[in-house]
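Student: All chains should be modelled from the sequences, with the hints used to inform the complete structure.
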Amino acid sequence: MSLVKLTIDGQQVEVEKGTTIYKAAKKLGIDIPVLCYMDLHNMNIENKPGGCRICVVEVEGRRNLAPSCSTNVDEGMVVRTSSMRVINARRTVLEFILSDHPKDCLTCAKSGHCELQDLAVKLGVREIPYQDNAEMSTYKVDYSPSIIREMDKCVMCRRCETMCNDVQTVGALFAINRGFDAVVAPAFEMDLQKSTCTYCGQCVAVCPTGALTEVDNTPNVIRALADPNKKVVVQTAPAVRAALGEEFGMEAGTLVTGQMAAALRRLGFDYVFDTDFAADLTIMEEGTELLGRLNKFLAGDKEVKLPILTSCCPGWVNFFEAQFPDMLEIPSTARSPQQMFGAIAKTYFADKISVKREDLVVVSIMPCVAKKYESERDEFATNGNPDVDFAITTRELAHLIKQSNMDINTLPKEDFDSPMGESTGAGVIFGVTGGVIEAATRTAYEIHTGKTLEKVDFEQLRGLEGIRKAEVDFDGLKLNIGIAHGLGNARKLLEDIRSGKSEFHAIEIMACPGGCIGGGGQPLHHGDSTILKKRAEALYREDKGKAIRKSHENPHIQELYKNFLGEPMSDKAHHLLHTHYDSKKPEIRVKED
Amino acid sequence: MSGYKIELKKKDLETLKEVCKSFNNDPGELINVLHKAQSIFGYLPAEVQEVVAEELNIPVAKVYGVVTFYSFFTMKPKGRYPISICTGTACYVRGAEKVLDEFKRILKLEVGETSEDGKFSISCLRCVGACGLAPVVMVGEKTYGRVSPDEVRKIIEEYEDME
Numbered sequence: 002m003s004l005v006k007l008t009i010d011g012q013q014v015e016v017e018k019g020t021t022i023y024k025a026a027k028k029l030g031i032d033i034p035v036l037c038y039m040d041l042h043n044m045n046i047e048n049k050p051g052g053c054r055i056c057v058v059e060v061e062g063r064r065n066l067a068p069s070c071s072t073n074v075d076e077g078m079v080v081r082t083s084s085m086r087v088i089n090a091r092r093t094v095l096e097f098i099l100s101d102h103p104k105d106c107l108t109c110a111k112s113g114h115c116e117l118q119d120l121a122v123k124l125g126v127r128e129i130p131y132q133d134n135a136e137m138s139t140y141k142v143d144y145s146p147s148i149i150r151e152m153d154k155c156v157m158c159r160r161c162e163t164m165c166n167d168v169q170t171v172g173a174l175f176a177i178n179r180g181f182d183a184v185v186a187p188a189f190e191m192d193l194q195k196s197t198c199t200y201c202g203q204c205v206a207v208c209p210t211g212a213l214t215e216v217d218n219t220p221n222v223i224r225a226l227a228d229p230n231k232k233v234v235v236q237t238a239p240a241v242r243a244a245l246g247e248e249f250g251m252e253a254g255t256l257v258t259g260q261m262a263a264a265l266r267r268l269g270f271d272y273v274f275d276t277d278f279a280a281d282l283t284i285m286e287e288g289t290e291l292l293g294r295l296n297k298f299l300a301g302d303k304e305v306k307l308p309i310l311t312s313c314c315p316g317w318v319n320f321f322e323a324q325f326p327d328m329l330e331i332p333s334t335a336r337s338p339q340q341m342f343g344a345i346a347k348t349y350f351a352d353k354i355s356v357k358r359e360d361l362v363v364v365s366i367m368p369c370v371a372k373k374y375e376s377e378r379d380e381f382a383t384n385g386n387p388d389v390d391f392a393i394t395t396r397e398l399a400h401l402i403k404q405s406n407m408d409i410n411t412l413p414k415e416d417f418d419s420p421m422g423e424s425t426g427a428g429v430i431f432g433v434t435g436g437v438i439e440a441a442t443r444t445a446y447e448i449h450t451g452k453t454l455e456k457v458d459f460e461q462l463r464g465l466e467g468i469r470k471a472e473v474d475f476d477g478l479k480l481n482i483g484i485a486h487g488l489g490n491a492r493k494l495l496e497d498i499r500s501g502k503s504e505f506h507a508i509e510i511m512a513c514p515g516g517c518i519g520g521g522g523q524p525l526h527h528g529d530s531t532i533l534k535k536r537a538e539a540l541y542r543e544d545k546g547k548a549i550r551k552s553h554e555n556p557h558i559q560e561l562y563k564n565f566l567g568e569p570m571s572d573k574a575h576h577l578l579h580t581h582y583d584s585k586k587p588e589i590r591v592k593e594d
Numbered sequence: 055m056s057g058y059k060i061e062l063k064k065k066d067l068e069t070l071k072e073v074c075k076s077f078n079n080d081p082g083e084l085i086n087v088l089h090k091a092q093s094i095f096g097y098l099p100a101e102v103q104e105v106v107a108e109e110l111n112i113p114v115a116k117v118y119g120v121v122t123f124y125s126f127f128t129m130k131p132k133g134r135y136p137i138s139i140c141t142g143t144a145c146y147v148r149g150a151e152k153v154l155d156e157f158k159r160i161l162k163l164e165v166g167e168t169s170e171d172g173k174f175s176i177s178c179l180r181c182v183g184a185c186g187l188a189p190v191v192m193v194g195e196k197t198y199g200r201v202s203p204d205e206v207r208k209i210i211e212e213y214e215d216m217e
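So the protein sequences, as listed, match chains A and B. Start counting at 1 in the first sequence, then tack on 1, and there's your number in our numbering. Start counting at 1 in the second sequence, then tack on 54, and there's your number in our numbering.
Hints in this document: simulated from the structure, not taken from any laboratory. These numbers come from a predicted model, not from an experiment. Certain hints may be false.
Claimed, not checked - Within a straight-line C-alpha distance of at most 30 angstroms, the following computed DSBU-like cross-link-like pairs (lysine-lysine) qualify:
| # | chain 1 | residue 1 | chain 2 | residue 2 |
| --- | --- | --- | --- | --- |
| 1 | A | Lys493 | A | Lys452 |
| 2 | B | Lys71 | A | Lys195 |
| 3 | A | Lys592 | B | Lys196 |
| 4 | B | Lys75 | B | Lys162 |
| 5 | B | Lys65 | A | Lys195 |
| 6 | B | Lys152 | B | Lys71 |
| 7 | A | Lys470 | A | Lys456 |
| 8 | B | Lys75 | B | Lys132 |
| 9 | A | Lys195 | B | Lys173 |
| 10 | A | Lys297 | B | Lys71 |
| 11 | B | Lys71 | A | Lys586 |
| 12 | B | Lys130 | A | Lys493 |
| 13 | B | Lys65 | A | Lys586 |
| 14 | A | Lys502 | B | Lys71 |
| 15 | B | Lys75 | A | Lys592 |
Tutor: Here's what the structure looks like:
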């Protein structure tokens with residue numbers, strides 16, 4: 002690789018040929034402001050349409066300013082990133098963008114986390130010219146169960162389009178129209194709810210402004226907590242504890258399990274439980290289903306559907322319902338941990354504390370925005386009363402905690418309540434790519450072989466590689482396991498299954514890059530894989546520290562089966578813990594001529 | 055996220071599939087496929103875009119993005135005698151806007167609209183490559199050069215007796 006020498010702001014730097022000015026400057030510690038640019042280095046995806054012009058720099062000998070995010074370096078180049086001309090141009094560009102942007106920052110959901118706002122601060126914008134008689138874009142606000150699109154606030158950076166198409170291959174969002182009318186929208190400007198959107202929320206996670214935000218359920222939660230006639234139960238997903246601290250200035254990868262439990266108790270939840278408990282339950286059902294299919298297969302049954310695919314992730318479920326409706330029989334029928342928790346809380350637990358289903362409110366804290374939609378699915382309600390009443394994201398929880406004048410940094414560590422707060426290390430690792438299948442393997446191994454698994458750490462299933470393959474030895478029986486995270490990677494494995502090329506027995510799929518730790522409801526990580534890595538390490542650390550690390554050894558799960566469910570896959574378990582899938586693909590009907 | 059239904063006549067569906075096939079169902083041929091489809095159907099309704107997306111194995115949002123980007127493509131049926139006024143630079147500076155205004159006034163139509171009897175529609179296009187004849191008007195395949203606003207009524211009258 003040949004090297005190129007150039008000068009940026011008077012400093013010499015040597016970089017590889019083909020590097021952009023933006024990246025070369027970064028090497029010198031010069032942070033050129035950007036807006037449309039996005040670097041997802043762990044996925045080798047860069048969004049650099051060069052359209053916003055915020056990152057312009059002066060290149061000696063060139064007449065026009067150059068966008069540094071998409072201009073490559075040349076030998077001997079002399080670049081100025083903060084000359085008078087650059088600063089004035091940059092501010093003018095921003096003022097133009099702001100002239101067609103709502104001025105409701107005080108009440109905007111993104112306020113405080115908005116990159117456009119940060120730019121206005123950084124560039125010292127004190128007034129917005131070009132407003133008189135200026136045209137303003139106006140769009141109808143699009144509400145879906147998980148995501149709100151307020152496209153008046155769109156700056157056409159097209160990061161969401163990159164996530165939706167290049168990373169996730171969902172294809173729900175695309176730039177439409179041209180010039181002033183250009184905006185990112187679903188086909189025919191239909192509501193997101195009618196599109197192929199999976200609610201994975203990766204678009205929300207990268208949107209620099211308030212154009213894409215999650216539905217805010219915190220007011221409903223506050224109302225439920227204030228209602229003296231309601232008992233309010235909370236469950237927290239595994240990935241939340243590994244990221245919540247970041248919202249309070251903590252280092253990525255700081256585990257705040259105990260402080261989070263304390264905060265939830267102080268917020269007024271009557272029972273502070275853990276989704277990890279339901280993750281253990283998921284393993285009992287999904288693991289049994291896997292072994293059931295596998296045994297049939299080994300007995301020579303040609304009809305059996307293999308590989309079995311995990312079904313914990315609602316973004317992934319939405320994806321295959323919309324894009325692979327011909328393969329609805331392959332995924333496990335096990336509900337997600339969130340929904341298993343809700344179903345058990347509103348039956349078994351409600352009975353235990355003698356509270357009517359209607360008077361029990363289940364709140365879930367999720368790293369995910371698709372969980373909001375999942376909780377609203379018709380099949381997860383009894384007589385109109387949902388198993389999970391409100392799902393809020395990690396970001397929303399941080400907001401609730403701050404609103405209640407608490408700080409995770411200063412809270413004591415407390416435990417979850419019993420019984421639905423008791424979990425194993427296997428439940429904890431559900432939050433990271435590879436974790437569900439590792440947890441399932443720990444249990445399935447012991448059930449299948451009848452032997453005790455001595456080494457529970459399956460290192461071969463771990464890592465952040467987009468698609469991973471591993472072989473696990475079940476005492477002579479070699480199981481081929483596939484793992485994909487990010488829906489674009491999942492698509493590749495699914496297409497192999499469709500064309501009969503797949504040799505896997507079981508596949509774990511998570512919609513978000515990294516798994517739930519990189520979920521659309523997590524503190525923003527801006528594609529930084531080091532943050533994802535630290536969150537993953539935190540969950541494996543918590544797993545290691547647990548006394549029990551296999552789901553089937555959780556005494557409270559054993560008790561639940563003994564006193565309530567019977568066996569895994571029993572009729573009752575089927576009714577409460579399993580589900581079915583429907584095609585969500587637009588149907589082309591043919592009219593007779 | 056919910057499924058929705060679209061309807062298309064059997065004959066049209068088959069024609070459209072043929073068109074896609076003639077371009078090897080290659081996503082890179084999207085613009086050519088749409089071009090051909092519009093020449094057959096006269097416009098590109100949502101149903102047509104859905105089928106093209108399905109056949110080329112690309113998101114329909116992308117097809118819609120392309121359809122709305124290029125002014126040539128339309129989602130509204132054009133008239134039997136589609137009137138196109140060139141508003142490219144040369145035609146514009148030689149008075150295309152006044153010609154356009156006259157068409158709009160006489161036919162009581164806005165750009166992009168089609169008359170109720172389905173006969174005329176007005177659209178603007180950018181440069182047909184006949185700048186020497188500016189301003190240029192096209193009605194269907196027929197080209198009119200150096201059009202002045204007073205000639206507009208005469209052009210319309212040519213088609214009034216036709217079906």
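Student: Confirm or reject each hint.
Tutor: Results for each hint:
Pair hint Lys493 (chain A) plus Lys452 (chain A) does not hold up; C-alpha atoms about 35 angstroms apart against a cutoff of 30 angstroms. Taken as a hint, the Lys71 (chain B) and Lys195 (chain A) pair is honoured in the structure, with Cα atoms around 25 angstroms apart against an allowance of 30 angstroms. In summary, the hint linking Lys592 (chain A) to Lys196 (chain B) is not supported, as the alpha carbons are separated by about 35 angstroms, beyond the 30 angstroms threshold. Pair hint Lys75 (chain B) plus Lys162 (chain B) does not hold up; C-alpha atoms about 41 angstroms apart against a cutoff of 30 angstroms.
Straight-line distance between C-alpha atoms of Lys65 (chain B) and Lys195 (chain A) comes to about 27 angstroms, which keeps the hinted pair within the 30 angstroms bound. Pair hint Lys152 (chain B) plus Lys71 (chain B) does not hold up; C-alpha atoms about 42 angstroms apart against a cutoff of 30 angstroms. A hinted pair counts as satisfied when its Cα atoms are at most 30 angstroms apart, and Lys470 (chain A) with Lys456 (chain A) qualifies at roughly 20 angstroms. Under the criterion of a C-alpha separation no larger than 30 angstroms, the hint pairing Lys75 (chain B) with Lys132 (chain B) is consistent with the structure, at around 26 angstroms.
Only pairs whose Cα atoms come within 30 angstroms are accepted, and Lys195 (chain A) paired with Lys173 (chain B) is rejected, the gap being roughly 35 angstroms. Between the alpha carbons of Lys297 (chain A) and Lys71 (chain B) the distance comes to roughly 41 angstroms, so the proposed pair goes past 30 angstroms and is violated. Between the alpha carbons of Lys71 (chain B) and Lys586 (chain A) the distance comes to roughly 19 angstroms, so the proposed pair stays at or under 30 angstroms and holds. Between Lys130 (chain B) and Lys493 (chain A) the alpha-carbon distance is near 37 angstroms, which puts this suggested pair outside the 30 angstroms criterion.
Between Lys65 (chain B) and Lys586 (chain A), the direct Cα distance comes to roughly 23 angstroms. Compliance with the 30 angstroms bound is thereby established for this hinted pair. For a cut-off of 30 angstroms, the pair hint linking Lys502 (chain A) to Lys71 (chain B) stands: about 27 angstroms separates their Cα positions. Restraint check: the Cα-Cα separation between Lys75 (chain B) and Lys592 (chain A) comes to about 21 angstroms, which is no more than 30 angstroms; the hinted pair holds.
The structure does not agree with the numbered hints 1, 3, 4, 6, 9, 10 and 12 stated previously, though it agrees with the rest.
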